[in-house]
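Novice: Position chain U against the provided structure of chain Z, taking the given hints into account.
Protein sequence lines correspond, in order, to chains Z and U.
Note that my numbering numbers the first sequence so that position 38 is 38, with each residue one more than the last.
Note that my numbering numbers the second sequence so that position 25 is 25, with each residue one more than the last.
FYI, nobody ran anything at the bench for these hints, they're computed from the structure.
As the structure is a prediction and not an experimental result, all values here were calculated from the model.
Be aware that one or more of the hints could be misleading.
[As the list claims (entries may be wrong)] Incomplete in silico selection of chain U near chain Z, CB under 10 Å:
no., residue
1, Thr108
2, Met112
3, Lys176
4, Asp208
5, Met256
6, Ala308
7, Arg312
8, Lys313
Don't be surprised by glycine CBs; every beta carbon is placed ideally from N, CA and C.
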Amino acid sequence: MRMVRLPWLLVTLGACFTWAQSPTYGVGKTPTAEEIRAWDIAIGPEGKELPPGHGTAQEGAKLFLLKGCGGCHGVSGTGGRAPALVKWPDNVPAPKPPPPGMEGMHMVPDTGIMALRSPYAVTIWDYINRGMPLGKEGTLKPDEVYSLTAFLLFKNDVIKEGDVMDAHSLPKLKMPNHNGFSDAPEWKPKTPRLVGYP
Amino acid sequence: MDSKNRGRRGFLKDAALAGLAVGAARSAKGEPIIAEYSKKDLIAYGERSRFVTSMRAPVPGRMSPDAFGLVFHVSTPLQDSVGIITPSSLHYVATHRGSYVPEIDPATHRLMIHGMVDRPLEFSMDDLKRLPYVTRVHFLECLGNRSNGAGKTVQDTHGLTSCSEWTGVELSLLLKEAGVQKGASWIVAEGAEEIKGASSIPLAKALDDCIVCYAQNGEAVRPQQGFPLRLIVPGFEGIYQTKYLRRIKVVDRFYMTYNDYGHINPDPKVTALTVQWGPKSVITFPSGGQQLSGPGFYEITGLAWSGAGAVRKVEVSTDGGKSWKDAELRSPAYRMAHTRFGFHWKWDGKECELQSRCTDELGTVQPSLAEAGKFWNDPPEKPRSRGTDNTIQPWRVASDGSVHNAHG
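Isolated chain Z (complex conformation) (with noise of 0.2 Å):
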């Protein structure tokens, strides 16, 4: 008797596999390829979804003041009304405290330097493509966001001028605060954040 219903509960078993795996609702459409390239913009560290393209430092220098970016940011990456991009060179005063209702676009402070404080360049490239410029966001091509993020590298001693930034380079470079962070612990339900805190 059980050799004989053993195939049948095989069957079963298989059955509920396969219903497991497919959808319950059926409701929604399915994305083109197309539609779905369009809008898969994060890009991980390893920058598999980085676009072709290139971009160096002095194409950014370029397009840095060409897109307006250093009209909040500052000219050189500093002392603009918008976060400092670039850190603010030793051998130049600070700047003056800025004007009353001014003050917060100046609270990132040197910590907070893309270029300095993300671990992977990668991150950079994302920002610029998703974030900016302030109000003409996702206008800029692959080529320039590759050339504005060689700027910012070269402008904080990540890389040399010259540099090619591309889907190849941008991934593999080891940045200042590489080691700067640790991963959360894995998240489990009903779990305390962090085992021994008060």
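Specialist: Just chain U now, with coordinates in the frame of chain Z:
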């Protein structure tokens, strides 16, 4: 559509005025007393009394709106709060780099789920509303909330937390529809606003209790809160609660987005404390800036919550933490939700210090600042809490009845 609406509204306005004039109260001279706001549209969408003036406030340090017209951080007036639900119009607002409120037409809004899934899927708002939904009460809180001497009132120290009833589809349902592939371990949730803010969230959390919400407190999610769609990640720090949600990408690693990068810390212990909130509570009355009229009975009241689950117990101390007594829970203790507590108190008119502390369902107890400092081996005179701050907030009641931040 617009002109039609206006016509209808105009009609409703006239109807409202006519209706009120008939039944309105009358002054001593016999003229009807009609409140100023009754001249507005009271039928289509109600207003609060003009005698109620509770207001949000921009958080100092970086004003909202700032030099670019961006809103950065705006706090909830917790000193006026009652119950556990924050009115949607008083819900705190926080943005990572400062933000405009985007105008998103729900008719064209889409949520895409892709990456390491068997079936990439795209949902319209109508699609999402066809699916089974849940309604749950959850608090949100920003990392910027810090119980230290910098704030005078509870709005200053704790105003970056609020609590709403959220309604939407469980993210686990949508992920099962898409079929998460083996090897996936994180999701990246991304918004549709100008900066397309994105956060990495552990897949385990995404499959546990996250909700893709289209409603808040019985109406559509407010524009400042992510209209038309917001991801609620119960108990996690504010930045994970992705507004204007348009994309979930299933991935196999932490993605180090711009939002994530703001949280990074070289110490894994600190990193652990930046993700999920610990057990926390604060007395909202009497709190900093308020005034007691004289000795006698007062009901001490406040809010308690925890990112790990439900509030199990709240204790109150009226002697600066030397002795503790159990407070009463005055609301349901929902998981990852503000929970209202009350405590009978007879003030003798002498200077004293009020504190509250929360114990959550895991048995974890809210620490004092001194206890947190001890954990980090800080010098006793300079204790500092790291990550999301859940330390006890002390309020000092002076003998004249004025209430002050005892950290100040």
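Novice: May I ask you to test the interface hint for U/Ala308 with respect to chain Z, counting a Cβ-Cβ separation under 10 Å as satisfied?
Specialist: holds, 7 Å
Novice: U/Met112 was flagged as interface toward chain Z. Is the shortest Cβ-Cβ separation under 10 Å?
Specialist: Holds. Min distance 6 Å.
Novice: Taking the closest Cβ pair, is U/Lys176 under 10 Å from chain Z?
Specialist: holds, 7 Å
Novice: U/Met256 was flagged as interface toward chain Z. Is the shortest Cβ-Cβ separation under 10 Å?
Specialist: With Cβ-Cβ at 5 Å, under 10 Å, it holds.
Novice: A closest beta-carbon separation below 10 Å is what the hint needs, so does U/Asp208 meet it against chain Z?
Specialist: At about 5 Å, which falls below the 10 Å cut-off, the nearest Cβ of chain Z leaves the hint on U/Asp208 intact, so it holds.
Novice: Mind checking the CB of U/Lys313 against every CB in chain Z and telling me if the closest is under 10 Å?
Specialist: violated, 15 Å
Novice: Going by Cβ atoms only, is U/Arg312 closer than 10 Å to chain Z?
Specialist: violated, 13 Å
Novice: So, U/Thr108 near chain Z? Judge it on the closest CB pair being under 10 Å.
Specialist: Since chain Z brings no Cβ nearer than about 13 Å to U/Thr108, farther than 10 Å, the hint is violated.
The structure does not agree with the numbered hints 1, 7, 8 stated previously, though it agrees with the rest.
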